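A.B. asks: Mind docking these for me? Both chains are given alone in their own frames, and the hints should help you get the complex.
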Amino acid sequence: MIDKTVPDVAAAVAGIPDGATVMIGGFGRAGQPVELIDALIAHGASELTIVNNNAGNGDTGLAALLAAKRVRKIICSFPRQHDSWVFDGLYRAGEIELELVPQGNLAERIRAAGAGVGAFFSPTGVGTVLAEGKESRVIDGREYVLEYPIRADFALISALKGDRWGNLVFRETARNFGPIMATAATTTVVQVDELIPLGALDPETVVTPGIFVDRVVAVGERAWLSDGVFVGGVDIEGRPLTDAPAEAEVDQ
Amino acid sequence: MSDRISRQELAQRIAADIPEGSYVNLGIGAPTLVANYLPEDQEIILHTENGLLGMGGAPEEGRVDPDLINAGKQPVTIVPGAAYFHHADSFAMMRGGHLDVCVLGAFQVSQTGDLANWSTGAPGAIPAVGGAMDLAIGAKSVYVMTDLLAKDGSSKLVAACAYPLTGVGCVTRVYTDHAIFDLTPGGFAVREAFGENTVESLSALTGLELS
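Same order as they appear, the protein sequences are chains A and B. Take 1 as the starting number for the first sequence in this note's numbering and just add one per residue. Take 1001 as the starting number for the second sequence in this note's numbering and just add one per residue.
It should be emphasised that the hints constitute simulated quantities derived from the structure, not laboratory data. Computed from a prediction, not measured in an experiment: that's the story for all the values here. Worth double-checking, as some hints may not be accurate.
[Unchecked claim] DEER-style ranges, computed between Cβ atoms:
#, chain 1, residue 1, chain 2, residue 2, range
1, A, 146, B, 1002, 46 to 54 Å
2, A, 229, B, 1002, 47 to 55 Å
3, A, 117, B, 1126, 24 to 32 Å
4, A, 95, B, 1198, 53 to 61 Å
5, B, 1121, A, 15, 53 to 61 Å
6, A, 227, B, 1192, 48 to 56 Å
7, A, 140, B, 1192, 31 to 39 Å
8, A, 226, B, 1126, 35 to 43 Å
9, B, 1096, A, 119, 14 to 22 Å
10, B, 1081, A, 227, 22 to 30 Å
11, B, 1200, A, 239, 52 to 60 Å
12, B, 1150, A, 233, 38 to 46 Å
13, A, 146, B, 1200, 43 to 51 Å
14, A, 195, B, 1162, 52 to 60 Å
[As the list claims (entries may be wrong)] To be clear about the criterion: a stretch of chain A counts as covered by chain B if any three or more of its residues have a C-beta under 8 Å from a C-beta of chain B, and this derived list gives those stretches:
#, stretch
15, 33-40
16, 61-67
17, 173-185
18, 225-233
[What the hints assert, rightly or not] Derived, one-sided and incomplete: chain B residues facing chain A with beta-carbon distance under 10 Å:
#, residue
19, 1067
20, 1087
21, 1090
22, 1091
23, 1138
Ideal Cβ placement from N, Cα and C applies to all residues, glycine included.
Bound-form chain B, shown alone (with noise of 0.2 Å):
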């Protein structure tokens, strides 16, 4: 059944809506893969918030540097042009508006733009938030990568979050393996169906009212 695209298609469905000169932070995870798919005769500057503008790929074997990492923890290299900075001015750029796109996982999103991917809330969980929080409610577009599925088979995309959130109203589109939805005024808009699905299909999936 043609109705879902791969993680890698829907990473360069969405560094295809990347423009040139944009300042981005791809999260933790799957959003990391994006970063595989930027045109390499263009100028994005990859931000990580532990102290980076103009992160490069991975290091050769040997030559991984632990003084130069991403907010991952994972061993990178940077590209000419590159910055390094403290954390208060790292998430100045964040906060203040300053970076064009982040690309971040998510447990539920809301049809009113809420975001949930930090904490299941399960009890006995320990919780961690990094810069969650601060990337949700900083960028000036917020898109979110994931299955439109949780593994139970319930729809992520929900008329409210049952998880608890990590920002309020700020995600700007989704970007799932069966489709891509703007936030609106009037909750979920469809903006590109893939394969077989159409609008109707998917408000059957997620249960919700959809345009």
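Looking at chain A on its own, in the form it has when it is part of the complex (with noise of 0.2 Å):
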């Protein structure tokens, strides 16, 4: 029998060594596996290099990560946010590497990784200081820039549901980052809201098959859901809008 889910976060995280390069899902908060994150927090591994979005929001989830100084180096498309003062500290102290990507070819370097893609010509970047030092080639009249596949040792991700196989569906604009993740590290762990009995997917709306994931840990419904339908009550963040601050400012 095969049986990926794990009984809780820690033996979700288990392994992680030091050095290792880890993806975490998430755009902003939006399937960002603050859980998972807290784990590895716990679990205490340091000298990570890590692949998301962003570098960080406020003082939680990826955040906190780089505020335990976790993490070496992050590879990143947008880490400058109005509230990314973890990061920007850390930056600005050279305590922190970055490697700038454009947000569609860290993705693509992640899903060729996955796809087993050996490097690929992008267009994206032409001509920009974040091409220099590149391999450029004019295919059909237009020039491209090589860009190489990013692995991970382990990937941690979110979704809405997973069974005991690893298929996932996610929620919305929380699935971004995770599905191309799931396919580009050693080891895939997964926090899902709700474990679901083997066959309950409709394999027509399966998202990650489970060929890509290798731990599942459920860490219960998300706070805006009740019994999968959405109810509200809280602010971007997920904080309960009795505890919000002001609407926060506008970046990307």
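C.D. replies: Now the structure itself:
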């Protein structure tokens, strides 16, 4: 019998060594596997290379991992935000290395790793400082830049539901990097709101097939759902409205 | 002096140029205003690069869904017919030339259509690019929405960009508060001048030869 479920988040992140490359899903707060990140902080691995679209928001999740000084390098497209003070401080102090990658190249480099593609030519970034020093080629009259895959030792992602084989469905725009990161890591760890019985997911609607998943842990339903139905009553960070500060500033 | 139109009027003007049936990405900041003026009786599908086609307006109070956000990480809603997808698919839509129109802000646009909108290159600044470079080279039509003049009075339309580039030769048209400019093989061509502006007065403001 195949059973990829693990009993708790500590078991889910077990074995992540110092110096590992870890992909962390999410775009801002949406899809960020906060429970797994908290478990990674408790687990204690350090000198990590993190792959994420951003570099942490506020003081929780990825920002908390950075604040705990566990991250040597971050590969992302958009580190600077109105609430990225943890990263900003580390970067200005020279305590973290940044590899800045255009968002689509970041996604495709992850996809390429998972798909076994050795490298690919992208038109994104041609003629910009982010393509400096990279091999380029003109194909059918258009210039492209050679981009290499990004692989990881572990991927930590968040999904809505999963079964013991690791078949997954996501929710709304929280899907973002989850399906591609799941393909690009040696060990893919998924937190789900709910573990459901094998066969309960409609095969036509499975987004990530279980072949890409190694560990599944249930963390309970997100605060803005009740028995799978959206009930609201939270702010954009998922905090109850009664505790929420004023509307956040706009950024990317 | 009636030589400028407001940002809202400019957003309205851009919206009027987007045909029904278009797939459109509106960049962070002022370009998002364009959504307010898209005609409700037409089907124009908004793309947000974090993974949604068929984006609707802001949710009602108390109905913010942290899983349903736009590229600016603001809460949004969906329209009937919407679709979710992962990031590689989303950027395939952009890079693969499937989007009809994107509207972006700018620090500078050159007369050869180069766009600079992601970094001032200032020392000590923390760089952040997001999806700007993918959008700039991906959409069939790249519209820039900007004031013609920077806060210091200098022209944002330039012979060559001084700021770090976002994309090379990628801009189709520039909508400014003074006039609309098309990019042509000969440089900027005034498509429509607002109020008292003329090709001559715009040439004087920009220091560029215009047609």
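A.B. asks: Please go over all the hints and tell whether each is borne out by the structure.
C.D. replies: Evaluated hints:
no., hint, verdict
1, A:146 with B:1002: 46 to 54 Å, "holds, 52 Å"
2, A:229 with B:1002: 47 to 55 Å, "holds, 53 Å"
3, A:117 with B:1126: 24 to 32 Å, "holds, 31 Å"
4, A:95 with B:1198: 53 to 61 Å, "holds, 55 Å"
5, B:1121 with A:15: 53 to 61 Å, "violated, 42 Å"
6, A:227 with B:1192: 48 to 56 Å, "holds, 55 Å"
7, A:140 with B:1192: 31 to 39 Å, "holds, 35 Å"
8, A:226 with B:1126: 35 to 43 Å, "holds, 39 Å"
9, B:1096 with A:119: 14 to 22 Å, "holds, 18 Å"
10, B:1081 with A:227: 22 to 30 Å, "holds, 27 Å"
11, B:1200 with A:239: 52 to 60 Å, "holds, 56 Å"
12, B:1150 with A:233: 38 to 46 Å, "holds, 43 Å"
13, A:146 with B:1200: 43 to 51 Å, "holds, 47 Å"
14, A:195 with B:1162: 52 to 60 Å, "holds, 56 Å"
15, 33-40, "violated (count 0)"
16, 61-67, "violated (count 0)"
17, 173-185, "holds (count 8)"
18, 225-233, "holds (count 3)"
19, 1067, "holds, 4 Å"
20, 1087, "holds, 4 Å"
21, 1090, "holds, 7 Å"
22, 1091, "holds, 3 Å"
23, 1138, "holds, 8 Å"
Comparing the model with each numbered hint stated earlier shows that hints 5, 15 and 16 do not hold.
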